[in-house]
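Novice: Sequence lines, in order, name chains A and B.
The opening residue of the first sequence carries number 1 in our numbering; numbering runs sequentially from there.
The opening residue of the second sequence carries number 182 in our numbering; numbering runs sequentially from there.
There may be inaccurate statements among the hints.
[What the hints assert, rightly or not] Residues from chain A that keep clear of chain B, each with C-beta distances beyond 12 Å, as calculated:
| # | residue |
| --- | --- |
| 1 | 69 |
| 2 | 81 |
| 3 | 91 |
| 4 | 92 |
| 5 | 111 |
| 6 | 116 |
| 7 | 131 |
| 8 | 140 |
| 9 | 142 |
| 10 | 143 |
| 11 | 145 |
[As the list claims (entries may be wrong)] Think about it this way: if two alpha-carbon atoms lie no more than 25 Å apart in a straight line, the pair counts; the simulated DSS-like pairs of lysine-lysine are:
| # | chain 1 | residue 1 | chain 2 | residue 2 |
| --- | --- | --- | --- | --- |
| 12 | A | 38 | B | 185 |
| 13 | B | 303 | A | 98 |
| 14 | B | 267 | B | 252 |
| 15 | A | 38 | A | 103 |
| 16 | A | 49 | B | 295 |
| 17 | A | 12 | B | 185 |
| 18 | A | 49 | B | 303 |
| 19 | A | 38 | B | 211 |
| 20 | A | 141 | A | 103 |
| 21 | A | 38 | B | 252 |
| 22 | A | 108 | A | 98 |
| 23 | B | 252 | A | 85 |
| 24 | A | 88 | A | 72 |
| 25 | A | 83 | A | 72 |
| 26 | A | 88 | A | 108 |
| 27 | B | 303 | A | 72 |
| 28 | B | 293 | A | 92 |
| 29 | A | 92 | A | 103 |
| 30 | B | 267 | B | 303 |
| 31 | A | 88 | B | 303 |
| 32 | A | 85 | A | 108 |
| 33 | A | 88 | A | 98 |
| 34 | B | 211 | B | 252 |
| 35 | A | 83 | B | 303 |
| 36 | B | 267 | B | 293 |
Quick caveat, the hints were computed from the structure, so don't treat them as lab data.
The C-beta atom is built at its ideal place from N, Cα and C for all residues, glycine as well.
Here is how the chains run, residue by residue.
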Amino acid sequence: MSEDDIFDVGRKTIYWMIAGFVMAMVMIAYVMIIGGYKARLTEVPNEIKSEFIALRFVNNPDCFAYQDPVTKRVFPFSIDVTKFKEEKRIDKCYLTEKEKGYKTFNFKLSLGQYGSLQTNNYFEAPQSQKEYSVLVWDGAKFERDTLFIDVQETLPYLPTEEQKKTAMPAPQPQAKRVFIR
Amino acid sequence: MNTKAASILLWIFEVIAVIAVILIALSIAKQFSDETALRKINAAEDISMMVNTLVGLPGDALVEYPRDLSKFTVALTTQYVVIFEKDAKVDGETRNFILPSDYGAVGIVKQKGKVCLQKIGKTISVEECPKP
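Isolated chain A (complex conformation):
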């Protein structure tokens, strides 16, 4: 083997080392692009998911919906003030995992003069807001009111204790309002 041949084999080896690296990068990019496409194909907007979850607050008598004690009829899109004021009732209705619950949906319900309630991993970082026109049962009669539900979707990290105390929102895109009824 002459000196030129040795250089030729050496050049090819270097070429294939670089080509191998480039090919590996191209393959990784290819997998990521196709994976992203597949994820987009099966994606369901968070607004829809949160809508289905939030329905329980106004329709389920085990949450806050008013149920006639005699006929047992449940009034859809209603709020029973007694249930709304009951301590920890929201935890019976929707309780996220203590440790990692910030990675799923959390809600804050605001009902005019009756104040607000929030689920256990809500940290004042809403990404959207829902607005329901509801009937409020105050113990004697129904009144029309509006229930606002702030929806906090997945948070990238758990807010620090300081952030929790001062209710500092984690960095999030600007909240957008979703009107349902």
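Given the coordinates of chain A, work out where chain B should sit on it, guided by the hints.
Specialist: For chain B alone, coordinates are given in the frame of chain A:
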């Protein structure tokens, strides 16, 4: 090793490398384009949302899943729904949901075309749809 031998060896290596890359790319594309996998993901997502919707209903209900699930097994527990293919108990598609504290979800349906979700009281179950 003479020049010709080295050159032929490198040429063979190049051809093998190119063929390997093409095969890997095709295999990945085939795997990702598999309709069954997409249907499995969609079914898991849909059933999870159906469970949430049933919780948001004031009374009892029976809802039929509108697509054919005969290729899948659907298992429902109080925390999640998992869908896996006939003979592959691994690689199941899981979606979590949160039920009110005294609610339960149960059931397993194996390779049935028509799958229904039923809510009776505080229990949600998955089952084969009743015959019309």
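Novice: Hint by hint, say whether it matches the structure.
Specialist: Structure-based check of all given hints:
{"no.": "1", "hint": "69", "result": "15 Å, holds"}
{"no.": "2", "hint": "81", "result": "18 Å, holds"}
{"no.": "3", "hint": "91", "result": "7 Å, violated"}
{"no.": "4", "hint": "92", "result": "4 Å, violated"}
{"no.": "5", "hint": "111", "result": "18 Å, holds"}
{"no.": "6", "hint": "116", "result": "20 Å, holds"}
{"no.": "7", "hint": "131", "result": "17 Å, holds"}
{"no.": "8", "hint": "140", "result": "22 Å, holds"}
{"no.": "9", "hint": "142", "result": "16 Å, holds"}
{"no.": "10", "hint": "143", "result": "20 Å, holds"}
{"no.": "11", "hint": "145", "result": "19 Å, holds"}
{"no.": "12", "hint": "A:38 / B:185", "result": "47 Å, violated"}
{"no.": "13", "hint": "B:303 / A:98", "result": "23 Å, holds"}
{"no.": "14", "hint": "B:267 / B:252", "result": "6 Å, holds"}
{"no.": "15", "hint": "A:38 / A:103", "result": "22 Å, holds"}
{"no.": "16", "hint": "A:49 / B:295", "result": "24 Å, holds"}
{"no.": "17", "hint": "A:12 / B:185", "result": "14 Å, holds"}
{"no.": "18", "hint": "A:49 / B:303", "result": "21 Å, holds"}
{"no.": "19", "hint": "A:38 / B:211", "result": "12 Å, holds"}
{"no.": "20", "hint": "A:141 / A:103", "result": "39 Å, violated"}
{"no.": "21", "hint": "A:38 / B:252", "result": "20 Å, holds"}
{"no.": "22", "hint": "A:108 / A:98", "result": "17 Å, holds"}
{"no.": "23", "hint": "B:252 / A:85", "result": "48 Å, violated"}
{"no.": "24", "hint": "A:88 / A:72", "result": "23 Å, holds"}
{"no.": "25", "hint": "A:83 / A:72", "result": "16 Å, holds"}
{"no.": "26", "hint": "A:88 / A:108", "result": "13 Å, holds"}
{"no.": "27", "hint": "B:303 / A:72", "result": "15 Å, holds"}
{"no.": "28", "hint": "B:293 / A:92", "result": "34 Å, violated"}
{"no.": "29", "hint": "A:92 / A:103", "result": "19 Å, holds"}
{"no.": "30", "hint": "B:267 / B:303", "result": "30 Å, violated"}
{"no.": "31", "hint": "A:88 / B:303", "result": "19 Å, holds"}
{"no.": "32", "hint": "A:85 / A:108", "result": "14 Å, holds"}
{"no.": "33", "hint": "A:88 / A:98", "result": "15 Å, holds"}
{"no.": "34", "hint": "B:211 / B:252", "result": "19 Å, holds"}
{"no.": "35", "hint": "A:83 / B:303", "result": "18 Å, holds"}
{"no.": "36", "hint": "B:267 / B:293", "result": "11 Å, holds"}
Taken one by one, the earlier hints fail for this structure at numbers 3, 4, 12, 20, 23, 28 and 30, listed in ascending order.
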